[in-house]
Amino acid sequence: DAKTTQPTSMDCAEGRAANLPCNHSTISGNEYVYWYRQIHSQGPQYIIHGLKNNETNEMASLIITEDRKSSTLILPHATLRDTAVYYCIVKGSNYKLTFGKGTLLTVNP
Amino acid sequence: NAGVTQTPKFQVLKTGQSMTLQCAQDMNHEYMSWYRQDPGMGLRLIHYSVGAGITDQGEVPNGYNVSRSTTEDFPLRLLSAAPSQTSVYFCASRSVGLAGGEQYFGPGTRLTVT
Numbered sequence: 017d018a019k020t021t022q023p024t025s026m027d028c029a030e031g032r033a034a035n036l037p038c039n040h041s042t043i044s045g046n047e048y049v050y051w052y053r054q055i056h057s058q059g060p061q062y063i064i065h066g067l068k069n070n071e072t073n074e075m076a077s078l079i080i081t082e083d084r085k086s087s088t089l090i091l092p093h094a095t096l097r098d099t100a101v102y103y104c105i106v107k108g109s110n111y112k113l114t115f116g117k118g119t120l121l122t123v124n125p
Numbered sequence: 084n085a086g087v088t089q090t091p092k093f094q095v096l097k098t099g100q101s102m103t104l105q106c107a108q109d110m111n112h113e114y115m116s117w118y119r120q121d122p123g124m125g126l127r128l129i130h131y132s133v134g135a136g137i138t139d140q141g142e143v144p145n146g147y148n149v150s151r152s153t154t155e156d157f158p159l160r161l162l163s164a165a166p167s168q169t170s171v172y173f174c175a176s177r178s179v180g181l182a183g184g185e186q187y188f189g190p191g192t193r194l195t196v197t
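Protein sequences appear in the order of chains A and B. Numbers 17 to 125, taken from our numbering, label the letters of the first sequence in order. Numbers 84 to 197, taken from our numbering, label the letters of the second sequence in order.
If we strip away everything but chain A, and leave its shape as in the complex, we get (with noise of 0.2 Å):
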């Protein structure tokens, strides 16, 4: 599976948008790109995955180049209960997730 990139740290104002960005240049054409969030101490939670098309749920969307060597996670409207960690998964065929250290979102009031 390839690798991913993400800043170690974002802050964001509650109400406003947080803009969660992803590297992943290695990435090959069956590969599907992965968002989790991990609020502290609980099990991760699924948020949601695209291959090359912008996906949109009731929690975020999901932006990815057309290249696809970038994606960014958007959560229209963050408020405190969003601060956490986020991963950006790159994710073939097999069934296994790898977890870098992802970015900590701090969503302040």
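Hint data in this document are derived by calculation from the structure and do not stem from the laboratory. Each residue gets a CB set at the ideal place from its N, CA and C atoms; glycine is no exception. One thing to keep in mind: the hints can contain errors.
Said to hold, decoys possible - Ranges of calculated distance between the beta carbons of each label pair, as one might list FRET restraints:
(1) Lys-68(A) x Met-124(B): 28 to 34 Å
(2) Asp-139(B) x Ile-55(A): 25 to 31 Å
(3) Ser-178(B) x Leu-96(A): 29 to 35 Å
(4) Arg-193(B) x Asn-70(A): 35 to 41 Å
(5) Leu-96(A) x Gly-123(B): 20 to 26 Å
(6) Ser-150(B) x Asn-124(A): 44 to 50 Å
Model the placement of chain B on the given structure of chain A, informed by the hints.
Structure of chain B alone, referenced to chain A:
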């Protein structure tokens, strides 16, 4: 649905003791896995299973055994606990499909080995 459940929530062991961490899911998922998470680190895969009777090693399998006799249960056994196994352990499950879909995680077991 209870989702993925793990017991116990907390455990303290002495070096050399053995124990089993329990994991169960009620979603009829074929794939189950165990991760450990050390302070300030991401999750690392210990063992996984793609169905009853089938298990395989992940990134950090040493010191752990697993078995999968039913679809629902995937216990993790520590054979002889060591302080290096102090960690938070997460079990996860998912359905096997074309794109896989989301993986569901349990609440974790916090293990301390003294």
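- [ ] Enumerate the violated hints, using their earlier numbering and listing them in ascending order.
- [x] Nothing - there is no hint that the structure violates, so all of them hold.
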